[in-house]
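Chemist: Using the sequences plus the hints, can you model the full thing?
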Amino acid sequence: MDQSAHIAQRHCLVLTQYRRGGTYNDFIGKYYHFPATRNRNYLNQFRPLPIEVVYFEPEKDGEGVFYGAGKIINPPFLDKREPDHYFVEISDYKPFSNPVYFKNEKGEVTEAKYSPEHYNYHNAVRKINCTLFDELCLDGGIELNFKADSHLVQVLGEQLIASERVGILELVKNAFDAGARFCNVRIEKIPDLPAVPESLNEFNEFAGPVIVVEDDGSGMTKEEIERGWLRPASTIKTNVKELLRAERERAIREGKLGTYKKLLKSLKTENKGRIPLGEKGVGRFAAHRLGRSLIIKTKIAANDYEYLLKIDWDDFNANGSAPKDLDAVPIVLTRQAPSRDYGARKSGTQLIIYGGRVGFELTNNEIVAINKTILELNSPNPNPDTKRPVFRASFVCPQVKELKQERPNFDPVFRLYGLVDENGVLDFDYFFDPPNNIPLSSFKQKGKRRDLKTWESKKWLTTISGEEAWRRPACGEFYIHLDVWIRDNPWLGNSLDEKEFKAYLREYGGISLYRDQINIFPAEWGSETDWLGLRQRQIQQARRISYYHMIGNVEIDQAKNVDLIDKTNREGLIRNQAFADLASLVKAVVLSIIEVDYMGKRDEYKQLSGGYVREARQQKTYSKQSAAIIANMNVSEYDVIADPYRFFANVNGLGAKAERHGKLVELSKSLKNLEENLKQIQEVQDLLTEQAGFGLGIAVVLHEISKTTSNFYFSILDLIKKKKFDQAKLEELKETSRALESELTRLAPLRALRNEPPITFKISRSISYVESIFRRRFDKSRISFSYNRDQDFEIHAKFSALNQILTNLIDNAFYWLDNPDIKQREIRLGINRAKRTIIVADNGPGLADSILPYLFQPGYSLKNPPSGLGLYVSRYYMNLMKRRGDIYLANERDRISDLSGAQFVLDFSKVAESDEK
Amino acid sequence: MKNKIRVSILDDSLPKREDAVEQDLFRTGIDQEELLVLAEKGSWIGELPLQQLLFSLLKHEYVRTGLLEVVGYTNPEQILSDIDAHPPNVVIYDWEYGTHSPSESENWLLELLEATAQFDAFIFVYSKVPSKAPEVIPAILNSKKFDEFAPRFQLFEKGNSNSIFTAEDFIYQYILTRVSKSNIIKVHGIDVTFKENGYLENPKGIFFLEAILGRAALLEKLRLIKEISNESVEKMMEGIGGHMLINRETGYLIAADFPLAGQSPPKEEISYLKALRDFGLEAITEAVETGFAKI
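Line by line, the protein sequences are chains A and B. The letter at position 683 of the first sequence is residue 682 when you use numbering that gives the first Met the number 0, and the numbering goes up by one with no holes. The letter at position 63 of the second sequence is residue 62 when you use numbering that gives the first Met the number 0, and the numbering goes up by one with no holes.
Careful: at least some of the hints might be erroneous.
Distance windows between CB atoms, simulated [stated by the list, open to error]: (1) B:ASP23 with A:ASP778: 17 to 23 Å; (2) A:ASP789 with B:HIS85: 30 to 36 Å; (3) B:LYS143 with A:ASP789: 49 to 55 Å; (4) A:LEU460 with B:ALA215: 54 to 60 Å; (5) B:GLU113 with A:LYS447: 40 to 46 Å; (6) A:ASN363 with B:LYS143: 49 to 55 Å; (7) A:ASP914 with B:LEU47: 23 to 29 Å; (8) B:ASN141 with A:LEU460: 25 to 31 Å.
A few chain B residues that face chain A, going by a derived Cβ cut-off under 10 Å, partial list only [claimed, not checked]: (9) ARG16; (10) VAL20; (11) GLU46.
Please keep in mind that the hints were generated in silico from the structure rather than gathered at the bench. Predicted model only: the values in this text are computed from it and were never measured. By construction, the Cβ of each residue, glycine as well, lies at the ideal position given by its N, Cα and C atoms.
Modeler: In structure tokens:
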């Protein structure tokens with residue numbers, strides 16, 4: 000369709016008016032005065048409306064120029080002083096920056112040439128064709144301005160505010176910014192929900208739904224209403240953050256953080272101890288999104304009356320095709336006696352939003368969600384060291400019964416809280432407190448310290464002046480509190496409460512982000528986008544931790560985390576370096592500290608409660624012992640038929656008493672068979688362990704593959720069902736298939752040692768071989784490597800097995816030494832011929848307590864990504880050596896005293912020295 | 000004129016004989032005399048194809064005459080450390096090392112490709128994985144970071160004999176060809192003269208013929224013809240009954256039995272020989288394998 004069809008037909012006039020010397024020149028750009036006498040009547044020229052006009056000054060007593068343009072929207076009105084004369088109002092007048100002479104370069108009168116159909120020099124008011132009108136304006140350099148259309152209000156309200164929930168949250172945040180101690184939100188008269196008796200409503204006079212947000216903040220002054228509230232995106236709040244950011248950068252640059260802190264303090268004093276949360280100055284348009292009408296009652300302490308501002312948002316809708324300017328919609332501000340008790344502070348603001356909005360109806364679920372949002376607005380576990388004025392938000396909706404008044408609460412199994420400083424180092428307290436029905440002992444670790452950067456150190460390492468150094472996290476310092484549950488029965492049982500809590504965790508579990516104790520990033524947003532990558536890991540391995548095992552809060556501070564910025568639609572934070580760094584550090588807390596224990600304690604309980612021994616090797620021993628006991632009993636003098644000690648009571652399988660001897664022989668034989676069977680099982684298990692690599696049993700890998708494949712399958716089914724390509728789903732599928740690939744790769748026939756015959760060799764040969772493999776990396780990372788060859792001894796074993804064990808230990812040491820804080824890096828092997836041991840030691844940070852209980856169990860690693868053999872398989876290879884070797888953590892007595900890091904003992908005391916054949 | 004070639008064999012399954020360990024043999028590159036001892040006396044259970052390859056190379060007269068040098072390593076770190084002292088022309092790169100992860104194998108391979116670029120070394124990625132997890136290594140090697148090195152490496156499955164060449168046969172042929180530009184290649188025991196021709200750049204192109212003709216048919220023809228040349232390749236194509244289809248408008252060569260062949264008329268029939276002459280072996284192979292090929 001032709002664009003011009005949208006615009007009504009234009010009418011353009013020339014108005015003759017001298018700029019000096021006349022009676023009416025004071026009115027230029029405001030009113031035009033004209034006769035309507037019998038001889039000269041211009042009245043008809045001023046209809047129809049609207050009209051665009053250009054002012055012309057004749058050459059006779061002036062300069063012969065067109066000098067400005069404007070609009071006529073309203074009809075002329077009579078001049079009461081001068082009969083037969085009229086005024087017409089000019090609006091939107093813009094003077095020309097370069098007045099345009101009425102003749103062109105050839106001396107032709109432009110109107111006569113280009114608008115001959117209307118041109119008559121004697122007419123002071125005359126039509127002009129629109130093209131010429133536009134050209135005059137362009138040649139005159141008409142000065143234009145941006146004009147806000149009244150439609151902007153709708154755009155801001157509906158498009159910047161993502162949902163009703165976000166809208167209400169914005170208004171509550173405004174209350175926080177106003178220094179309020181409380182903010183009560185009330186919603187009533189929702190048309191689509193069952194009505195309640197009128198007596199339960201407080202705002203019956205308004206059309207439903209009615210949303211009332213009231214606080215005891217400082218209220219708004221007349222100036223704040225005019226220059227702040229009524230100016231969309233006014234910079235009153237934004238300026239604060241910009242100022243902070245700039246000042247902070249300057250202070251860091253000049254090394255004067257003290258000055259910055261002083262500024263911060265004065266800012267907080269001005270704002271009742273807070274830095275304003277609002278960022279774009281658009282939160283107020285949430286009110287538009289929530290209802291068709293708005294009443295604001297606001298009172299400052301100094302006044303004994305309240306201001307009253309009424310807005311009918313429908314007034315902002317344009318009539319017909321004519322655009323309507325935002326500032327053309329009148330809004331009346333009056334005052335009245337206080338309509339409510341403003342309490343001790345004598346100030347506050349009340350917003351009454353009513354009338355609802357088509358397409359944004361409030362439902363029961365939405366009310367529950369709003370309740371939850373408000374309930375969780377405040378941090379559940381704020382940093383105890385931060386003192387801030389109390390702010391509480393509450394919510395009432397008489398039509399929805401049983402709205403929760405507090406979040407569900409179950410004692411967590413793990414609790415961790417602490418402060419991550421500007422360098423990414425966490426100071427924390429950490430507790431394990433199992434429920435009473437779990438027979439594991441609790442622990443309390445206080446005052447622990449962990450450099451979170453070491454978890455994914457590659458992300459944080461940088462080069463400064465040729466030296467390797469840590470990069471400082473861009474997110475700034477933050478406080479973290481994490482509560483973690485194990486969802487399995489009986490850690491969390493199946494009572495109604497527990498089920499409900501599990502459902503809550505499934506839906507809302509995760510880590511919320513609180514800025515100045517106000518929720519700006521609810522946990523479920525992070526879980527939906529998998530901001531820590533936990534879900535993906537759990538898809539790959541079900542035993543890992545995910546969002547629905549935890550409720551946590553990260554507390555940031557406007558002043559210290561200036562680079563964490565809200566998205567414009569208020570649904571999350573902008574994905575910048577600061578956010579990425581924050582996510583990395585939070586992830587490090589979850590994975591490097593809690594997940595290890597989460598998996599470990601769960602496994603420990605399973606082992607305890609399973610009632611069976613999983614290791615075939617141990618089972619074999621038990622069956623062997625049982626067989627021996629029964630055989631011994633059978634040949635002993637014990638009277639198995641009379642059975643005086645009732646050993647065989649209730650053992651029905653033994654048949655009649657007379658048959659007992661025979662049956663016991665059979666049982667003994669069966670147990671021996673069982674022993675044989677178990678031996679075979681053990682061999683298979685050994686083979687699988689050997690094949691699996693990475694310290695994971697092949698069964699685990701297969702389990703993960705089957706899980707991944709089924710995820711893949713169902714995702715494909717889902718896509719086929721939907722019959723459309725969903726980008727997010729496809730991304731997920733891509734990830735899943737990558738996970739599958741990675742699992743499959745683990746099945747690769749890793750170089751099994753099975754075929755390698757054992758030989759007799761000096762252990763120094765293996766050490767020297769492994770040194771050759773690491774030499775390049777040692778040189779590059781300036782790690783000194785040494786061992787005492789003078790204590791060398793021989794063993795009879797598979798050469799490659801020891802090579803792999805040593806490679807693994809040195810690889811671990813290497814990983815922990817790759818830290819710029821460690822200037823002198825050393826790995827030392829201590830050989831002890833008398834004890835037949837090798838101690839592998841380094842001067843790294845040592846082993847974290849959290850990993851200690853699981854050091855030799857499959858699937859545990861503090862390295863990220865997990866690499867190398869895993870201590871589990873190392874131990875397995877040691878055990879496999881003839882007459883059994885072992886690996887364990889060096890005790891204090893055995894440690895190499897001048898090295899602070901992890902120390903492992905490879906114990907060959909029982910391993911054959913030579914071929915025993 | 001013959002070239003002098005150094006081949007580096009990188010495989011941690013080289014047998015760990017007691018005397019070799021005692022001599023610290025595995026600390027650095029293992030020279031060809033020592034490798035021969037390992038090949039002859041070591042325990043090669045599970046690694047017979049590699050042993051056979053080593054034997055064939057080490058016993059070849061080129062080794063005796065100094066045209067071929069073979070060095071063994073048991074870890075990629077060693078060859079990377081030794082690369083300046085002993086720059087290789089061909090590397091046989093075992094993908095699996097002890098219990099290292101695929102990403103480590105990948106990084107090592109990348110580093111090796113970069114380090115050997117100046118010698119234009121060719122790297123055989125040699126692995127037991129492909130047939131068991133067919134998507135894994137190809138997926139890695141087809142990733143973008145390997146693109147620039149694509150002409151310098153090739154994946155082969157250890158001991159795979161499901162093809163006209165075993166991996167070891169191929170590697171062996173390749174090495175000998177690099178030394179001598181010899182035109183005799185061995186295909187399943189048949190000596191075939193490889194003559195310079197317009198259809199196959201090098202003996203590797205025989206895989207195209209295998210894909211089109213089938214392994215048994217190709218072997219039968221090679222037994223009779225005993226040479227690969229323009230004439231023999233054309234003769235082989237001529238001998239194939241039936242025809243292919245061509246859609247000149249859309250520019251596709253289509254296999255006649257491709258189930259969707261009926262969907263994009265107009266088409267004309269074209270003999271295999273004509274297709275060979277017009278579009279080459281690669282296009283025919285692609286059409287035979289996938290149903291159609293853009294020409």
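Chemist: Does the hinted range 49 to 55 Å hold for ASN363 of chain A and LYS143 of chain B at CB?
Modeler: The hinted range 49 to 55 Å holds for ASN363 of chain A and LYS143 of chain B, with Cβ atoms some 51 Å apart.
Chemist: Does the Cβ-Cβ separation between LEU460 of chain A and ALA215 of chain B fall within 54 to 60 Å?
Modeler: holds (58 Å)
Chemist: Lying within 17 to 23 Å: is that true of the beta-carbon distance ASP23 of chain B to ASP778 of chain A?
Modeler: holds (20 Å)
Chemist: Does the Cβ pair GLU113 of chain B, LYS447 of chain A satisfy 40 to 46 Å?
Modeler: Holds: the Cβ-Cβ distance is about 43 Å, inside 40 to 46 Å.
Chemist: Hold the hint about GLU46 of chain B up to the distance rule: shortest CB distance to chain A must be less than 10 Å.
Modeler: holds (8 Å)
Chemist: How does the Cβ-Cβ distance of LYS143 of chain B and ASP789 of chain A compare with 49 to 55 Å: does it lie in that range?
Modeler: holds (52 Å)
Chemist: Is the gap between the beta carbons of ASN141 of chain B and LEU460 of chain A within 25 to 31 Å?
Modeler: Once the Cβ atoms are compared, 30 Å apart, the range 25 to 31 Å for LEU460 of chain A and ASN141 of chain B holds.
Chemist: Can ARG16 of chain B be said to touch chain A, with a Cβ gap under 10 Å?
Modeler: Where the cut-off is 10 Å and the nearest Cβ of chain A is about 7 Å from ARG16 of chain B, the hint holds.
Chemist: So does ASP789 of chain A sit 30 to 36 Å from HIS85 of chain B, Cβ to Cβ?
Modeler: Given a distance of about 33 Å, which is inside 30 to 36 Å, the answer is holds.
Chemist: Using the C-beta atoms of ASP914 of chain A and LEU47 of chain B, is the stated range 23 to 29 Å upheld?
Modeler: Distance hint for ASP914 of chain A, LEU47 of chain B holds at roughly 25 Å.
Chemist: Let's test the interface hint: is any C-beta of chain A closer than 10 Å to that of VAL20 of chain B?
Modeler: Holds, about 5 Å.
The structure agrees with every numbered hint stated previously.
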